[in-house]
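Student: Listed below, chain by chain, are the residues.
There are 2 protein chains.
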Amino acid sequence: MNARYISINTELVQEADAKIHVSDLSIQRGFGIFDFLKTINGQPIFIENHFDRFYNSAKELGLTIGYDRESLLNAVKALMEKNNMPNSGIKFILTGGFSADGYTIGEPNLVITQSPFEYDTTAFDKGTTLVTYNHQRQLAVIKTIDYLQAIRLQPYIKQNNADDVLYHDNGMIRECPRANFFMVKDQRIISPKTAILKGITRSKVLDMTVADFSIVEEDFTLEDLAKADEAFITSSTKNVLPVLEIDGQKVGDGKPGKITRQLNEQFTALIQRG
Amino acid sequence: MNARYISINTELVQEADAKIHVSDLSIQRGFGIFDFLKTINGQPIFIENHFDRFYNSAKELGLTIGYDRESLLNAVKALMEKNNMPNSGIKFILTGGFSADGYTIGEPNLVITQSPFEYDTTAFDKGTTLVTYNHQRQLAVIKTIDYLQAIRLQPYIKQNNADDVLYHDNGMIRECPRANFFMVKDQRIISPKTAILKGITRSKVLDMTVADFSIVEEDFTLEDLAKADEAFITSSTKNVLPVLEIDGQKVGDGKPGKITRQLNEQFTALIQRG
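Same order as they appear, the protein sequences are chains A and B. Under my numbering, the first sequence has 188 at position 188, and the numbering climbs by one with no breaks. In short: position in the second sequence from 1, add 1000, done, that's my numbering.
It cannot be assumed that every hint is accurate.
To list a few chain B residues with every Cβ distance to chain A over 12 angstroms, as calculated [unchecked claim]:
no., residue
1, Q1154
2, M1208
3, D1212
4, D1247
Only pairs whose alpha carbons sit at most 20 angstroms apart, straight line, appear in this in silico EDC-like list of lysine to aspartate or glutamate [said to hold, decoys possible]:
no., chain 1, residue 1, chain 2, residue 2
5, A, K158, B, E1060
6, A, K19, B, D1017
7, A, K19, B, E1015
8, B, K1019, A, E11
9, B, K1019, A, E107
10, B, K1158, A, E60
11, A, K19, B, E1107
12, B, K1019, A, E15
13, B, K1158, A, D101
14, B, K1019, A, D101
15, A, K19, B, E1048
16, B, K1091, A, E15
17, B, K1059, B, E1048
18, B, K1019, A, D17
19, A, K19, B, E1060
20, A, K158, B, D1101
Just so you know, these hints were derived from the structure itself, not from any lab. All residues carry an ideal CB built from backbone N, CA and C; glycine is no exception.
So that you can see chain A by itself, here it is in the shape it has in the complex:
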C-alpha cells in the first residue's frame, strides 16, 4: 500500500511528516473548526454546502481562511489525485494557528486529510441505539473541533450498551455529537431547531417530500420522544440511520421504520446523482 498524503496549508506532505508545532492554538487552547465530507467514486458529495459551512464557522470564530474557495477546492483535488482513494472521507481542519502568547489567534493552519470510507450497506437494517445525556454543546451552531464531552462519554455509552449518545438540554432534545436527530410522530417528521449544529444531511432531509407527512424543524422533549413512531439520525457517514432503542427502550416497534427507510432511499438516490 502506498503511503497516504496529507495537505498542510495546501502543501502535500507524506502522512508521517504531517506535524504542526505545539504552539498551535488547537493544541494550546482547543481552538479550531473543521468540516467533513465524503467522496463516492471520486466525486466529493455536497462540497459547496460543506465549504459554505466551513467559511461560516471560520467567520463565527474570528478565523480567516487564507484561501478562497477555488484554492481550497484545488487543494482538495490535489490531495485526492495524490491519494487515489475514490471512496473516502475528507476532513479539513482550520486551527487558531501558531500563537506567541498561547492565547491570541495567529495565522491559521489548514490541514486536509483523506481516509478510506465505504458506506456499510447493512448499516440501515442493523440500526443504532442511543443513550441520553443532559448536555448543551457550547457554540453549537459552529462546527468547532470541541468534542471534549463526546469523547469523555465513551465509557458511559459502553456501560449503557448504546452505540452513541443523544444530548438533551434539561429535557429538550438536541443532537448526537456527530449526527442530527429526527423523530417521526403523528404524520410529522421533526428535527430539533434550537442550539444544534445544522448538518448538511439534515438539511437535505428537511428539503424532501413524503406523501401525507410534513417535515419540520421544531424543538421537542424527552417525553414527546417517548411516544415517537420512528426515530433516526443523519450524518455524512451514516446517511439516514434508524434509531431502534433509546435508553434501553424500543422506539416504536424497535425495527427500522417505513418513513425512515423511505427517506434513506431518497437520500441515497441524491448522493448517487452526485
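On the provided structure of chain A, position chain B as indicated by the hints.
Tutor: This is chain B only, laid out in the frame that chain A set:
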C-alpha cells in the same frame, strides 16, 4: 539568546522541532488537559498542588499520564536546567494522543513548555477591568484545553474597553477564563463555589486569615456583585489583582481595595517563601 527547549514525552527538543502529528486528538477534537505554574528564582511554585490537579484532570477525562510524579518532576527539572530561565511560566499539556479513527483516545502526548515570566510589580495598583458575559464553561472543574469561548470573545472584550471577561451563568457569577473571582462585601470575602475551576491561588486565598472578615465559598449573583465593596481576581500569573470596574461601573470607589491589598501581600509573602 539561546534557543529554547521544549519537552515532548519527556524528551528535550529544540523549540523549532517541537511538533506533533496532526492525528493527535487535541488537533482533531480539542481533547486535552493542561496545568500551568510559575518559577521564581528557579523555584517552581506550588508544584505539588499543580501536579495534584493535573493528575486529577487526566483521571476525570479518562486520560492516563504515562509518568509518575517523580518522572514528571524530573522532566520539569531537566527542562528548567536546559533553558536556564529562573523566572518563568511552565505549562504541561496532556493531549488525547494519536488516534487512528480521530475519535478514540490514543496514547497521550505530554508537552512541557517554559516561557519567560516576570510578575509586573506595578500591576496591582493599575488593577483590571472586566466585562460580563453569560456563559457556563463545560466540564468547568477540569482544567481542559478548551478556551473556545474565551478566545472567541477577545473582540467583545476590546469593544467593551475591558481587560478580560467575567462569566456568569444566567446571573450567577462564575469566573474569568484564566482566573478566579472574589468579592468583598459586609465583612466577608466571597468566591463562587459552583461549576468553576478551583484555582491554586484561589485555594491559598481561601486558607488565609483577615481580622474581622470571614473568607467563604458561596455563590452570588450579578445583583449582589453590584453592591460589593471590593472585587479581585486570582491566578498564578496575576496573584491577587484588584478589579476596578465591571461593565463600565466602578467597584466600590474604583480603586484597589484595602482587603485586596492585604490578601495580595499575604500571597506575595507565601510565594516568596517558595
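Student: The structure should be examined with respect to each hint, and the outcome stated for every one.
Tutor: Verification of the supplied hints:
no., hint, in the structure
1, Q1154, "violated, 7 angstroms"
2, M1208, "holds, 29 angstroms"
3, D1212, "holds, 39 angstroms"
4, D1247, "holds, 22 angstroms"
5, K158(A) x E1060(B), "holds, 17 angstroms"
6, K19(A) x D1017(B), "holds, 10 angstroms"
7, K19(A) x E1015(B), "holds, 14 angstroms"
8, K1019(B) x E11(A), "holds, 17 angstroms"
9, K1019(B) x E107(A), "holds, 16 angstroms"
10, K1158(B) x E60(A), "holds, 17 angstroms"
11, K19(A) x E1107(B), "holds, 16 angstroms"
12, K1019(B) x E15(A), "holds, 14 angstroms"
13, K1158(B) x D101(A), "holds, 17 angstroms"
14, K1019(B) x D101(A), "holds, 17 angstroms"
15, K19(A) x E1048(B), "violated, 32 angstroms"
16, K1091(B) x E15(A), "violated, 28 angstroms"
17, K1059(B) x E1048(B), "holds, 17 angstroms"
18, K1019(B) x D17(A), "holds, 10 angstroms"
19, K19(A) x E1060(B), "violated, 28 angstroms"
20, K158(A) x D1101(B), "holds, 17 angstroms"
Against the hints set out earlier in the document, violations occur for numbers 1, 15, 16, 19.
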